[in-house]
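Student: Using the hints provided, position chains G, R, V, Z and S relative to the given structure of chain L.
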Amino acid sequence: MGMEFLIANILVLILTVVASLVAVLLRDLLAAAVAMAAMSLLLSLEFFILQAPDVAIAEAGVGACLSTAIVIIAIKGTKRTEDE
Amino acid sequence: MFSLESGSGFWNPILWIFIFFIAFLLFYGIRGFGKSAYKKDTDQTKAFLSGNEESSAEEMHVKASNLYWGFTTSMKTVYTELRKMHTGNASDYVLWFVIILAFLFLIIGVM
Amino acid sequence: MEKRTIVAVLVFAIVAVFFFFSIFLIHPFGKPGQVNMDDHIIANTQNETGTNNGVTSVVFDYRGFDTLGEATILFSAVAGVLMIFRRVKQ
Amino acid sequence: MIEYIPFIAVVTMIFIGLYAVLFRRNLIKIVIGISIIESGVNLFLITLGYREGGVAPIFTSLPPGTTYPAGMVLPVPQALTLTSIVIGVAVLALMLSLVMHIYRKYGTLDVRKIRRLKE
Amino acid sequence: MSGMSKIVKTSVNILFPLTMIFGLYVIAHGHLTPGGGFQGGAIVASGCAMIVVAYGSKWVFKQIKEKRLSSFESIGGVGFITVALLGLVFSSVFFGNFLAGSNLLFGTTPATGSTGADFNTGGVLPLMNFAVGVKVIAGLFVIVLVMAYASSVKEWDT
Amino acid sequence: MNIIDVLIEQSPALIIAIPLLGAFLMPLVSRINSTVRNIFGLLVLCLTGFFVGILASDVLANGPRLYIFGAKDLAVPMVRILFEVDSMSIFMALITMVLAFITLIYSWSFMKDHDGLDKYYTLVLLLITSTLGMELTGDIFNFFVFLEISCIASCALIAFWISEGEALEAAFKYIVVSAIGALFVLFAIGLLYAQYNALNIATLANVLKYTFLDKIILVLLLVVLGMKAGLVPMHMWLPDSYGRAPPSVTLIIMGATLASFYGVLRVIFTLYGNVLSTTMRFSIPLNVLVGWILITLAIISIIVGVAMALVQSDFMRLIGFSAVAEVGYMFLAIGAGIAALGTPYATTALQGGILHLLNDALDIGLLFLVAGAVYYITKKRSLDDISGLARNMKYTTVFFVIGLLAVVGMPPLNGFASKFLIYESVYQLNPILSIVAILCSILMLAVFVKVFYAVFMGPELPAFKNVTEAPRSMLLAMGVVAALMIFIGLFPNLVIDALVKPAADALLNHAQYIGTVVGGV
Chain L
1 MGMEFLIANI
11 LVLILTVVAS
21 LVAVLLRDLL
31 AAAVAMAAMS
41 LLLSLEFFIL
51 QAPDVAIAEA
61 GVGACLSTAI
71 VIIAIKGTKR
81 TEDE
Chain G
85 MFSLESGSGF
95 WNPILWIFIF
105 FIAFLLFYGI
115 RGFGKSAYKK
125 DTDQTKAFLS
135 GNEESSAEEM
145 HVKASNLYWG
155 FTTSMKTVYT
165 ELRKMHTGNA
175 SDYVLWFVII
185 LAFLFLIIGV
195 M
Chain R
196 MEKRTIVAVL
206 VFAIVAVFFF
216 FSIFLIHPFG
226 KPGQVNMDDH
236 IIANTQNETG
246 TNNGVTSVVF
256 DYRGFDTLGE
266 ATILFSAVAG
276 VLMIFRRVKQ
Chain V
286 MIEYIPFIAV
296 VTMIFIGLYA
306 VLFRRNLIKI
316 VIGISIIESG
326 VNLFLITLGY
336 REGGVAPIFT
346 SLPPGTTYPA
356 GMVLPVPQAL
366 TLTSIVIGVA
376 VLALMLSLVM
386 HIYRKYGTLD
396 VRKIRRLKE
Chain Z
405 MSGMSKIVKT
415 SVNILFPLTM
425 IFGLYVIAHG
435 HLTPGGGFQG
445 GAIVASGCAM
455 IVVAYGSKWV
465 FKQIKEKRLS
475 SFESIGGVGF
485 ITVALLGLVF
495 SSVFFGNFLA
505 GSNLLFGTTP
515 ATGSTGADFN
525 TGGVLPLMNF
535 AVGVKVIAGL
545 FVIVLVMAYA
555 SSVKEWDT
Chain S
563 MNIIDVLIEQ
573 SPALIIAIPL
583 LGAFLMPLVS
593 RINSTVRNIF
603 GLLVLCLTGF
613 FVGILASDVL
623 ANGPRLYIFG
633 AKDLAVPMVR
643 ILFEVDSMSI
653 FMALITMVLA
663 FITLIYSWSF
673 MKDHDGLDKY
683 YTLVLLLITS
693 TLGMELTGDI
703 FNFFVFLEIS
713 CIASCALIAF
723 WISEGEALEA
733 AFKYIVVSAI
743 GALFVLFAIG
753 LLYAQYNALN
763 IATLANVLKY
773 TFLDKIILVL
783 LLVVLGMKAG
793 LVPMHMWLPD
803 SYGRAPPSVT
813 LIIMGATLAS
823 FYGVLRVIFT
833 LYGNVLSTTM
843 RFSIPLNVLV
853 GWILITLAII
863 SIIVGVAMAL
873 VQSDFMRLIG
883 FSAVAEVGYM
893 FLAIGAGIAA
903 LGTPYATTAL
913 QGGILHLLND
923 ALDIGLLFLV
933 AGAVYYITKK
943 RSLDDISGLA
953 RNMKYTTVFF
963 VIGLLAVVGM
973 PPLNGFASKF
983 LIYESVYQLN
993 PILSIVAILC
1003 SILMLAVFVK
1013 VFYAVFMGPE
1023 LPAFKNVTEA
1033 PRSMLLAMGV
1043 VAALMIFIGL
1053 FPNLVIDALV
1063 KPAADALLNH
1073 AQYIGTVVGG
1083 V
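Protein chains in written order, with my numbering: chain L, 1 to 84; chain G, 85 to 195; chain R, 196 to 285; chain V, 286 to 404; chain Z, 405 to 562; chain S, 563 to 1083.
Chain L extracted, bound-state conformation (with noise of 0.2 Å):
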């Protein structure tokens, strides 16, 4: 396994991990959607280094840009905050 390989596929999990333990302990629902978005985008991206294409453009398309969209709805059809 080449090294560049090994690096970057570490990064973007460790960044993965990162966004969605920031998506699970962001009060604001909003910035959590956002963070579950960018776990989307990471994760299609080592999707992507894992030679899977067509699995990154379904998480791209719909981890991504759908499940986001659909979590912002429903929180601006509720409430933003989290009340304890």
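Hints were generated in silico from the structure; no laboratory data involved. None of these values were measured; they are calculated from a predicted model. The beta-carbon is built from N, C-alpha and C at its ideal position, and this holds for glycine as well. This list has only true hints and no planted wrong ones.
The list that follows gives simulated cross-link-like pairs (lysine-lysine, DSBU-like), each with its CA atoms no further than 30 Å apart:
id : chain 1 : residue 1 : chain 2 : residue 2
1  : Z       : Lys471    : L       : Lys76
2  : G       : Lys119    : G       : Lys130
3  : Z       : Lys462    : Z       : Lys410
4  : G       : Lys124    : S       : Lys1027
5  : G       : Lys160    : V       : Lys403
6  : S       : Lys942    : G       : Lys160
7  : V       : Lys398    : S       : Lys942
8  : S       : Lys674    : Z       : Lys469
9  : G       : Lys168    : G       : Lys147
10 : S       : Lys674    : Z       : Lys471
11 : V       : Lys403    : S       : Lys941
12 : Z       : Lys410    : L       : Lys76
13 : V       : Lys403    : G       : Lys168
14 : G       : Lys147    : V       : Lys403
15 : S       : Lys956    : G       : Lys130
16 : S       : Lys956    : G       : Lys147
17 : S       : Lys941    : S       : Lys956
18 : G       : Lys168    : V       : Lys390
19 : Z       : Lys471    : L       : Lys79
20 : G       : Lys147    : G       : Lys160
21 : L       : Lys79     : V       : Lys403
22 : V       : Lys403    : V       : Lys390
23 : G       : Lys168    : R       : Lys198
24 : V       : Lys398    : L       : Lys76
25 : S       : Lys956    : G       : Lys123
26 : V       : Lys398    : G       : Lys160
27 : L       : Lys76     : Z       : Lys413
28 : V       : Lys390    : Z       : Lys469
29 : Z       : Lys466    : L       : Lys76
30 : Z       : Lys469    : Z       : Lys413
31 : Z       : Lys471    : Z       : Lys413
32 : Z       : Lys462    : L       : Lys76
FRET-style restraints, in silico, Cβ to Cβ:
id : chain 1 : residue 1 : chain 2 : residue 2 : range
33 : G       : Phe187    : S       : Met972    : 33 to 39 Å
34 : R       : Pro223    : S       : Ile601    : 57 to 63 Å
35 : G       : Ile191    : R       : His222    : 25 to 31 Å
36 : R       : Pro223    : L       : Arg27     : 35 to 41 Å
37 : R       : Lys198    : S       : Val769    : 41 to 47 Å
38 : G       : Trp100    : S       : Ser619    : 28 to 34 Å
39 : S       : Asp1067   : G       : Trp100    : 25 to 31 Å
40 : S       : Ser619    : G       : Ala107    : 37 to 43 Å
Tutor: Below, chains G, R, V, Z and S alone, put in the same frame as chain L:
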């Protein structure tokens, strides 16, 4: 012919109905020996509540939730635990799932 | 801490330990052990399905029935969403 | 250890999502948690299908010098992941529309307060 | 959502046809290049979601009824299952790829190994890609549209 | 070639394709009018039922049948999806079809005044399709896909009464629980694929070695499917959703639940069939371990289900809790069958469990239909608000009494036949289990006597002076179920010989299931 074998016993509905019918006839016959002085709608059929007036049927009706009051009160400790278990919280439902998952991991996974 | 939190953390940890332990028993990343099914597909996709894209041949031909199920899932989700946002006359 | 890093990322993502479901109180956070679990499982399937130095299983203008089948990644997990992604968005849409409706009825998104059905 | 500023609307007007063309390209070339019915459908549906964001869901809702979209989705699904059933009729097995190798429509078999892009290959797969594409476009768009409409009206009569 | 042979050969695919096509067409058809829609639904179900019938007659006579999607013959690695239909699958499919017919007939009257019915019938057909698919499939990923369809369709149907907040709440809880469960199933499938590079159940069962990963997979599949079947303490979604779904669809949601139970059977007996009796860990055979785990959970299910049912005041929620207890009886029987694998009474226990599956579907189904009729007439859920309905709803009362007697296991109704087999065989494993089961049965009688007293006996409330009998199609549906129950009660041996024994043998004979695929290369 129509019987169901379980290895140690058998169950035959047709035979059971036949025996039940005979038992019913016997019971009916024995019932005939009872008092024939019973008359409907006389004082002898009225309930005697220490001389108090009998309430109407609506007032006497016990609501369904109070029906087994004695049982539930005597089993109070069990029922408080059971009610505490059914919190109705969606996260708790998932938590129970994870608990069973952990238990079975410990039992099956370690063995 | 509440009792629920303690229990939750405990079982969470147990399940996590088992999961983390189990993934080290899978083949190392990039070196799949048995590959006969996938090799068969890669070798035969051009002859059997006439398709250059191996993934599409799996999605629509070798495992086309799953794709029908997938389309059905989307269909039932749409039916569900439309049903939930229907107007109720009262 | 370094060979297992993608798998570790997968399990970490699954448990981050599970954490959201178990410990977060907001319904939309729970939904986001389920979505993260789903992403983790998708990544798991793709990771299983990767073959060292392989290219995508597409024959149109293949890079020269590719040997196949040994030089291609496995196609079946990719197909499974496609199915799983569509399932994910379907479940997400249904859950969020339920959440929107629940908010209109209950006036809150706190999971501890949405429990008229108990005992 | 009553619609956004003029700049947004204009840029969406330019971007939307491009997204549409790209999505349809992905659907049509699903059997040759990465992509297919789902991926292309998702891309087109995101373009439509862009329209919903820019123009407001009420305006879009006036233009196109959700019943019509749901019928389109049904038609896509029926088309998919019909292709599968045609396999049952012509090659006597459900999901049979009866066009592959028949030299009819999409029936050419490509040479093995690295080949150029020959559009006329794939058997029934391009047909299924189209059916699924129609279905996914309509399905995802109707989900976004209905949810956006429901979140934009204050009280819906339930 | 005979036309019937061709139809039989194609029937596994058509059983799925026809209701699916019907579901896709339903939004278009229901634009015409409601009568056409009802007739269309019935037609679709009749066609499906016909194919299930001919497939059943063939499978019961000639053994398991394969159907490969997309090709005539198997390639050596099982690359394609295939359906493998044996007697157990077809038994489940027959139950599903019966429940589907009853649901459809009942819905005609029950759902008449609602709107959104095109979506309702679409989802009903989708749920039936997914249940049939789960039961017939021989591919584990395909099983997951159908499981997911059944989750989504059930969730949407549970939320059908959207103007009640509780229905939405129940649906949300259901979808959270089942989405997470399904994702864990997908993880388990990934682990299976990683080890053996196959997705076919028979192929996997042939090469399974019971490594540590296989233990993880077993636990994941067992727990998720157990949760979907309603095992305590993962049952809490079940009374919520059964209690709040329209009673007409509770039947087929119950069909999906039973399909999950079938999944448990398939995982234990077929997927782990080879290793089940040959693996010993710390001098305990695997089958004893798994069997006693199931028995423990089953006993807890029975006790908790009955105890909670006793204090409920909502009619349908009460039946939901007693459904949990009935699921416990089924798990008790198969747990005993697994723990004692190889002995003659294990087979009896298994037969009892499988017969109880049929009886549970009919008994609890009839009670839900009666509850639905009461709700339809009075529009009230709480038992405290209803009283004295027996005066005006004579037929419904009779059906309720039949359901009551059957569900508590009174002779000579069908519930007794299966519970008799369960008690007798479990007694030989451990007498205490049997005693607990019988005691809980008696408590169940108390539960339903309370319902009978509250709903049908008692003084006539002024609000219900002028109530009438339930509409005719609802009575017809209830009558059909009651007739089936009396028939099974009177002639249990006919059903056992014709359907239950082949099903139990098919489960125990995993070598045949595997050999049909692997040997047929």
